[in-house]
Every structure is written in C-alpha cells, then in structure tokens.
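Enquirer: Sequence:
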Amino acid sequence: MAIHATIDLETSSALNALRRLQREQIPYATAVALTRTAQAAQKAIRAGLPNRFKIRNDFIERGVRIQPATKSRPEAAVYWRAPGGASRREFAYSLARQETGGVKRPKRRHLALPRGVKRTTGGRIPKSQRPAQALKRRNVFVVDAGRGQAIMRRVGRGTPRLLYYLHPGAARVSPRFRFVETAEDVARRVYPKEFGRAFAKALATARR
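So the sequence shown is numbered by this note's numbering: it starts at 705 and just counts up by one.
Derived lysine-lysine pairs resembling BS3-like cross-links, with alpha carbons at most 27 Å apart:
no.	residue 1	residue 2
1	K775	K905
2	K831	K758
3	K747	K775
4	K897	K775
5	K758	K747
6	K747	K905
7	K747	K897
8	K840	K822
Cβ pair distances, simulated, as ranges:
no.	residue 1	residue 2	range
9	D762	V847	32 to 38 Å
10	P772	D889	17 to 23 Å
11	S776	R865	55 to 61 Å
12	P872	S776	51 to 57 Å
13	L907	R760	47 to 53 Å
14	Y783	P864	39 to 45 Å
15	T774	A836	46 to 52 Å
16	A908	R760	43 to 49 Å
17	R893	E779	14 to 20 Å
18	R760	G805	21 to 27 Å
19	K758	P787	15 to 21 Å
20	T774	P896	17 to 23 Å
If you are wondering where the hints come from, they were derived from the structure by calculation, not from laboratory data. From the three backbone atoms N, C-alpha and C, an ideal C-beta is built for every residue, glycine too.
With the sequences and hints as input, model every part of the structure.
Expert: Okay, structure coming up:
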C-alpha cells in the first residue's frame, strides 16, 4: 500500500533572495575582483620592468595604467599609454615593438642605433641630438665601422665619442616587454581568489 503526501512550500521569498543576489551582489563581486586583478597585473608589470629595460626614470612605469570594472561594465583593462600625450606617441610605437618583436627598418639608407647620444630626463633623444641635426656640427663626423658606419663626436683632443651606429639594413627586435604574458599569468592566478573574497563580502553585506 503506497502512501502519498503533498506538501506546499512557500518559495517566493527564497527565489526573490536569489534573484536579488544575482542582480546586485554577483555583479558587485565581479567588478571588484576584476579591478583588483587589473591592479595586481599592473603591479607585476611595473615590478618586472628593471629586468627587461635599462630604466633611466619612471616614464615607462607611469605609462602602465588600468581601467577599473563597474557593475554595469564587467571588464577591467591593463594598458600602456605614454605620459605626456600625443608628443610621446613615437615612443609608444617603439615600445609596442618591444612587446611583439619584429623588424625595424631604416627610413633612409641606414638605421641609426643610438649609443652614446645624450638623452633627456624622460629618456628621449631631443631633435637637436638626432643624426640629421648632429651632423650639422663641425665636430661631428661619419666614419666606417665594420659592416656599417658610425657617427662620432670629437670632444677636445680626446678620443672621439660614438653617438650612433649606422646599420646598413634592418635590425631585428626581440620581444622583451612581456606585457600581455604577465597580465594573463596574473589574471589566471589572482581572479579566482579575488572573486571569492569579494563574493564572501557581498554575501555578508546582503545579510545585514
């Protein structure tokens, strides 16, 4: 003999709580976790710069920025933008090549590779020190140097100073920035932990 029982349960309050959780707390936790992950990636990228570049100042470091996530826009970004705006765009192109690698080709007959040329505090070569302008000076001259040529500067009676090596062809640039690689590695490791923390806090806040 089978016994059947019917029990009516009021589930509307529980369902409403779950809907509220999905609508409010999960987007909040996601935005917080994404933003903290981007901040962790920014920190890791900046920390690795001295191992990859000859750091003269904080120019490259200041360019590593983030865009925080929000509840309505659940995505965060880590990117590099040259401090100083459009005037530094040329440097940004050069730095992008350090990320992807590739071939740097000369605009004219030679590729000028700076060696002992004086730079600004921002690490840039001023226009007055670039090859075309430097060669207008009486104490600056070109000599043969191996497969290419060199721009030298004579200072007093001492040994001439090497300013540029003029490479006759293209030069291969090896990828060394590792911006994307670092950000991806941090994101995989950090995001799950940050989401767990943010979600736990969101649940605690929702119970109050």
